[in-house]
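Going by the working numbering, the first residue of the sequence shown is number 4, and it counts up by one from there.
Check each hint, because a few of them may be wrong.
As the list claims (entries may be wrong) - Here are the simulated distance ranges between beta carbons: (1) A205 - A282: 49 to 55 Å; (2) D14 - Q149: 15 to 21 Å; (3) P340 - A52: 28 to 34 Å; (4) P274 - G10: 15 to 21 Å; (5) P343 - E8: 44 to 50 Å.
Calculated directly from the structure, the hints in this document are not laboratory data.
Keep in mind that this is a model prediction, so the values were computed, not measured.
By construction, the Cβ of each residue, glycine as well, lies at the ideal position given by its N, Cα and C atoms.
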Amino acid sequence: MSVPEDGLHPDALRVLAPAYGSGSLADLLPSVCAVLGVPGAVDVLGLGARLDGIDRIGVLLVDGMGAYQLPLVAPHAPILADLAAGGRGHAGTLTAGFPSTTPVSLVTLGAGVPPGAHGILGFTVRRPDGRVLTHIYWQDDPDPRQWQPVPTWMETAAAAGVRVTVVSKPAFEGSGLSLAANRGGVYHGAGDGPAVAAGMLAALRSADGPALVYGYHPDLDHFGHEDGVNSETWRAAARGVDDLLDRIVHDLPPNAALLVVADHGQLNIPPDGRCDMAAIPELSDGVIAVAGEPRVRYLYAADGALDSVLANWRGVFGDGALVMHRDEAIAGGWYGPVPPAHVDRIGDVVVICQGRAVAVASGWEPDKAGKLVAYHGSVTAAEMTVPLLVVR
Numbered sequence: 004m005s006v007p008e009d010g011l012h013p014d015a016l017r018v019l020a021p022a023y024g025s026g027s028l029a030d031l032l033p034s035v036c037a038v039l040g041v042p043g044a045v046d047v048l049g050l051g052a053r054l055d056g057i058d059r060i061g062v063l064l065v066d067g068m069g070a071y072q073l074p075l076v077a078p079h080a081p082i083l084a085d086l087a088a089g090g091r092g093h094a095g096t097l098t099a100g101f102p103s104t105t106p107v108s109l110v111t112l113g114a115g116v117p118p119g120a121h122g123i124l125g126f127t128v129r130r131p132d133g134r135v136l137t138h139i140y141w142q143d144d145p146d147p148r149q150w151q152p153v154p155t156w157m158e159t160a161a162a163a164g165v166r167v168t169v170v171s172k173p174a175f176e177g178s179g180l181s182l183a184a185n186r187g188g189v190y191h192g193a194g195d196g197p198a199v200a201a202g203m204l205a206a207l208r209s210a211d212g213p214a215l216v217y218g219y220h221p222d223l224d225h226f227g228h229e230d231g232v233n234s235e236t237w238r239a240a241a242r243g244v245d246d247l248l249d250r251i252v253h254d255l256p257p258n259a260a261l262l263v264v265a266d267h268g269q270l271n272i273p274p275d276g277r278c279d280m281a282a283i284p285e286l287s288d289g290v291i292a293v294a295g296e297p298r299v300r301y302l303y304a305a306d307g308a309l310d311s312v313l314a315n316w317r318g319v320f321g322d323g324a325l326v327m328h329r330d331e332a333i334a335g336g337w338y339g340p341v342p343p344a345h346v347d348r349i350g351d352v353v354v355i356c357q358g359r360a361v362a363v364a365s366g367w368e369p370d371k372a373g374k375l376v377a378y379h380g381s382v383t384a385a386e387m388t389v390p391l392l393v394v395r
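Could you build the full structure based on these sequences and the hints that come with them?
Structure (structure tokens):
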């Protein structure tokens with residue numbers, strides 16, 4: 004497997020805790036809604052001082068564009084490089100929630116609460132009936148409004164008279180994840196970057212009062228997973244992001260602003276960083292179900308096997324992972340407060356990979372999951388830190 008150099012400084016692999024309540028993805032839409040005058044919204048991030056006179060706000064989420072990837076993106080994306088330098092307004096950072104993975108982050112953004120509260124607690128989780136739910140392929144079972152019971156800020160804003168629009172791929176309309184994260188907005192299908200730009204601009208222009216327009220662009224994350232951060236296809240995707248931004252930034256209507264964020268970063272994993280359950284029998288001993296993803300593995304233990312599962316995984320991974328009981332992970336604040344209804348979605352054992360390691364689960368999940376080049380989900384700064392770029 005060819006693994007490109009992703010240019011990460013060792014500091015990028017340090018552990019970074021989520022900044023819930025002060026500077027996380029959960030704090031963005033409440034702050035945006037406060038600027039737009041939505042009752043009950045609190046401007047935790049202080050956006051009002053930067054967006055005085057603005058009543059139409061676009062929020063563009065570029066999947067996989069972590070803050071630590073911006074120096075690699077910059078040579079291929081001059082508009083983005085200018086934004087990241089604060090040249091069009093303000094450049095800062097937020098943290099993702101935990102796990103730092105797409106479904107968790109999208110709902111953390113949309114609901115405006117930490118993951119524990121909204122209940123989307125992993126890429127995959129075990130359902131009460133024993134089946135594993137993959138959130139990106141989720142439709143209507145379970146009911147998204149019950150599985151994720153927190154009202155989204157799009158619902159709240161729309162009820163307050165804000166015109167809310169969601170611009171994303173047509174295939175995602177009505178999906179469980181879209182309803183969990185973005186219910187309340189009028190959906191506009193957009194199949195590629197130019198269509199996302201056109202849809203966001205049209206919604207911002209046509210508003211005759213306060214407006215919130217959310218756009219989603221997945222390509223950078225896709226090619227990072229498939230070919231690696233800094234691969235040729237990833238660089239091409241970076242140029243596509245720049246084209247998208249160019250279209251929006253240079254055509255923003257009066258009284259409108261654009262906020263650019265991401266859901267997580269990525270890091271490339273070399274072949275020797277892959278530890279496969281299928282190749283190490285003791286990693287499956289006492290395990291009756293596996294969920295999560297390779298950077299944050301959830302293990303569900305057979306009755307009486309919890310201690311041995313913990314010991315086996317700690318023995319194999321050593322310093323390569325934080326291996327803890329579910330109660331330790333909750334007490335550590337990684338998820339924020341977790342209500343009783345959501346606790347069992349987390350594995351009995353939580354394995355948080357460190358450095359450049361992944362826990363592959365061949366036989367338990369699709370083979371493709373263990374054959375990617377770049378990953379995310381864990382608590383390194385490279386995965387947890389996302390940009391917040393303000394353009395007006």
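Evaluated hints:
1. The hint said 49 to 55 Å for the Cβ distance between A205 and A282, and at roughly 52 Å that hint holds.
2. Between D14 and Q149 the beta carbon distance is about 42 Å. The supplied range of 15 to 21 Å is therefore violated.
3. At about 29 Å, the beta-carbon gap between P340 and A52 stays in the expected band of 28 to 34 Å.
4. Between P274 and G10 the beta carbon distance is about 19 Å. The supplied range of 15 to 21 Å therefore holds.
5. Separation of P343 from E8 is about 46 Å and conforms to the stated range, judged on CB atoms against 44 to 50 Å.
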